[in-house]
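Make the full structure from the sequences, and use the hints.
There are 4 protein chains.
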Amino acid sequence: MESLKRKLRDFAKARDWEKFHSPKNLVMAMSVEAAELMEHFQWRTQEESRNLDRETREKVKQEIGDVLVYLVRLADQVGVDPVQAAEEKISLNETRYPEDKVKGSAKKYNEYE
Amino acid sequence: MESLKRKLRDFAKARDWEKFHSPKNLVMAMSVEAAELMEHFQWRTQEESRNLDRETREKVKQEIGDVLVYLVRLADQVGVDPVQAAEEKISLNETRYPEDKVKGSAKKYNEYE
Amino acid sequence: MESLKRKLRDFAKARDWEKFHSPKNLVMAMSVEAAELMEHFQWRTQEESRNLDRETREKVKQEIGDVLVYLVRLADQVGVDPVQAAEEKISLNETRYPEDKVKGSAKKYNEYE
Amino acid sequence: MESLKRKLRDFAKARDWEKFHSPKNLVMAMSVEAAELMEHFQWRTQEESRNLDRETREKVKQEIGDVLVYLVRLADQVGVDPVQAAEEKISLNETRYPEDKVKGSAKKYNEYE
Chain S
1 MESLKRKLRD FAKARDWEKF HSPKNLVMAM SVEAAELMEH FQWRTQEESR NLDRETREKV
61 KQEIGDVLVY LVRLADQVGV DPVQAAEEKI SLNETRYPED KVKGSAKKYN EYE
Chain P
1 MESLKRKLRD FAKARDWEKF HSPKNLVMAM SVEAAELMEH FQWRTQEESR NLDRETREKV
61 KQEIGDVLVY LVRLADQVGV DPVQAAEEKI SLNETRYPED KVKGSAKKYN EYE
Chain U
1 MESLKRKLRD FAKARDWEKF HSPKNLVMAM SVEAAELMEH FQWRTQEESR NLDRETREKV
61 KQEIGDVLVY LVRLADQVGV DPVQAAEEKI SLNETRYPED KVKGSAKKYN EYE
Chain G
1 MESLKRKLRD FAKARDWEKF HSPKNLVMAM SVEAAELMEH FQWRTQEESR NLDRETREKV
61 KQEIGDVLVY LVRLADQVGV DPVQAAEEKI SLNETRYPED KVKGSAKKYN EYE
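Residue numbers (the numbering used here), protein chains in the order written: chain S, 1 to 113; chain P, 1 to 113; chain U, 1 to 113; chain G, 1 to 113.
Please note: incorrect hints may appear among the correct ones.
A pair counts as met if it fits within one copy or between any two copies, since identical chains are not told apart.
Computed list of lysine to any residue pairs in SDA-like fashion (alpha-carbon distance at most 20 Å, straight line) [what the hints assert, rightly or not]:
no.	residue 1	residue 2
1	Lys19	Glu36
2	Lys19	Gln46
3	Lys5	Thr95
4	Lys89	Val78
5	Lys13	Glu87
6	Lys101	Ala85
7	Lys89	Glu99
8	Lys89	Arg57
9	Lys103	Gly79
10	Lys19	Arg73
11	Lys89	Arg50
12	Lys5	Val83
13	Lys101	Leu52
14	Lys5	Glu87
15	Lys19	Val78
16	Lys101	Gln46
FYI, nobody ran anything at the bench for these hints, they're computed from the structure.
Put into structure tokens, the structure is as follows:
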């Protein structure tokens with residue numbers, strides 16, 4: 001992830017694209033990529049989404065790459081370590097959703113964010 | 001990231017939430033989190049987005065964590081390594097957008113996806 | 001819809017909020033509202049999404065209102081009639097997806113955009 | 001809008017596509033279209049977003065049509081009148097954000113949802 005961050009910095013700098021990379025623009029780009037990723041699943045059933053054909057899986061992989069690219073670039077621009085942020089969120093969720101209280105419950109799950 | 005993936009597997013398993021974690025559901029959740037992250041930027045100017053106050057930055061950090069959590073979990077469920085996917089995308093973009101052709105150009109930039 | 005457009009113009013003007021209502025900002029706000037609407041469906045099955053309880057349906061209604069508010073406001077700011085735009089798109093789709101060619105087909109449907 | 005709703009019903013029925021039109025699927029499709037609309041604005045400044053060239057404006061128009069198509073179809077499937085929902089939301093917002101309290105204020109605006 002650290003290496004990814006540096007590559008993206010170099011990529012933008014070499015192309016003089018830093019001026020386009022405000023957090024406002026980057027978050028839009030990331031959200032657009034998230035939707036392009038979602039597009040592959042919109043007409044599929046949940047079951048079908050668990051069994052992608054090879055061609056779709058390859059496209060999905062590329063879109064996952066796009067989302068991560070913009071997420072890492074955005075995090076860099078606002079000075080946040082994304083992996084640390086995710087780990088802190090998981091710790092928080094472990095407290096919020098104790099195993100014995102929420103186990104298998106859809107109701108509790110709907111409150112989960 | 002590898003450790004993140006394993007924590008998220010354990011988290012879902014311990015709560016019997018794997019049944020909710022179809023790729024279709026996970027991509028929706030990731031897209032919703034991406035929008036929650038975007039919400040912090042919607043009325044800010046690009047300049048303001050480059051200078052977040054401490055409180056907003058903390059909230060942004062948490063939302064970045066949420067997006068990464070669902071992205072890693074989704075990638076795991078479809079059998080994709082997200083960091084590798086991002087690196088492959090960067091390599092592809094280096095070929096697509098040669099420095100000397102696109103330098104500082106907004107026009108070229110608009111074709112960039 | 002015409003009346004909605006006028007109400008939204010008056011609303012923004014009376015609050016001196018027109019300066020915030022650039023198309024760039026409005027499209028972000030609309031996309032965030034779309035995600036808030038989607039959030040109500042992310043952990044539900046397709047079957048459950050067809051049978052919402054009264055409380056959820058009320059929340060869904062409010063979010064549908066929010067999306068439409070920003071869509072109408074955005075369309076006004078870029079000088080587009082949204083209903084006309086939708087009707088033109090339907091006409092186009094009638095040509096693109098002839099009944100006898102696509103009937104009930106998931107394959108054709110996946111190509112549909 | 002009433003006519004739009006009926007056309008969309010007929011369109012889906014004639015193609016036997018009703019089975020794909022669960023609210024869960026439709027909200028995903030609407031959210032994807034919202035992002036495609038947003039894509040046209042992601043690298044533009046706010047000023048540029050207020051002055052679209054003719055070609056971009058035409059594409060924006062088509063995407064606005066797409067978002068409205070899915071919003072109307074979704075609203076129909078959950079039994080909501082979207083225009084009424086929007087009008088109720090405007091009334092609510094008039095109470096929440098009294099003109100004299102929020103006039104021109106970015107701070108108040110950031111609390112606005």
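When no copy is specified for lysine 19 and valine 78, does a C-alpha distance of 20 Å or less occur within a copy, between copies, both, or neither?
within (15 Å within a copy, 25 Å between copies)
What label fits lysine 101 with leucine 52 when the C-alpha limit is 20 Å: within, between, both, or neither?
neither (34 Å within a copy, 25 Å between copies)
Go through the copies and call it for lysine 103 and glycine 79: within, between, both or neither, with a Cα cutoff of 20 Å.
neither (36 Å within a copy, 25 Å between copies)
Have a look at lysine 5 and threonine 95 and pick one of within, between, both or neither, based on CA distance no larger than 20 Å.
between (31 Å within a copy, 19 Å between copies)
How do lysine 19 and glutamine 46 come out at 20 Å by Cα distance, when the copy is not named: within, between, both, or neither?
For lysine 19 and glutamine 46, only the inter-copy Cα distance (10 Å) is at most 20 Å; the intra-copy one is 41 Å.
Give the relationship of lysine 13 and glutamate 87 under a CA distance limit of 20 Å: within one copy only, between copies only, both, or neither.
between (30 Å within a copy, 17 Å between copies)
If the cutoff is 20 Å on CA atoms, where do lysine 89 and valine 78 land: within, between, both or neither? Let me know, please.
Within one copy only: 18 Å inside, 22 Å across.
Is it within, between, both or neither when you check lysine 89 against arginine 50 at 20 Å Cα-Cα?
For lysine 89 and arginine 50, neither the intra-copy (26 Å) nor the inter-copy (24 Å) Cα distance is at most 20 Å.
How would you label the pair lysine 19, arginine 73 (within, between, both, or neither) given a Cα cut-off of 20 Å?
Within one copy only: 13 Å inside, 29 Å across.
Copy assignment of lysine 5 with glutamate 87, given that the CA separation must stay at most 20 Å
Both. Shortest intra-copy (18 Å) and inter-copy (10 Å) distances satisfy the 20 Å Cα cut-off.
Could you place lysine 19 and glutamate 36 in one of the four classes (within, between, both, neither) given a Cα distance threshold of 20 Å?
For lysine 19 and glutamate 36, the Cα distance exceeds 20 Å both inside one copy (24 Å) and across copies (23 Å).
Within a copy, between copies, both or neither: where do lysine 101 and glutamine 46 come within 20 Å Cα-Cα?
Answer is neither; intra-copy 26 Å and inter-copy 26 Å both fail.
In summary, the structure is inconsistent with hints 1, 6, 9, 11, 13 and 16 from the numbered list given earlier, while agreeing with the others.
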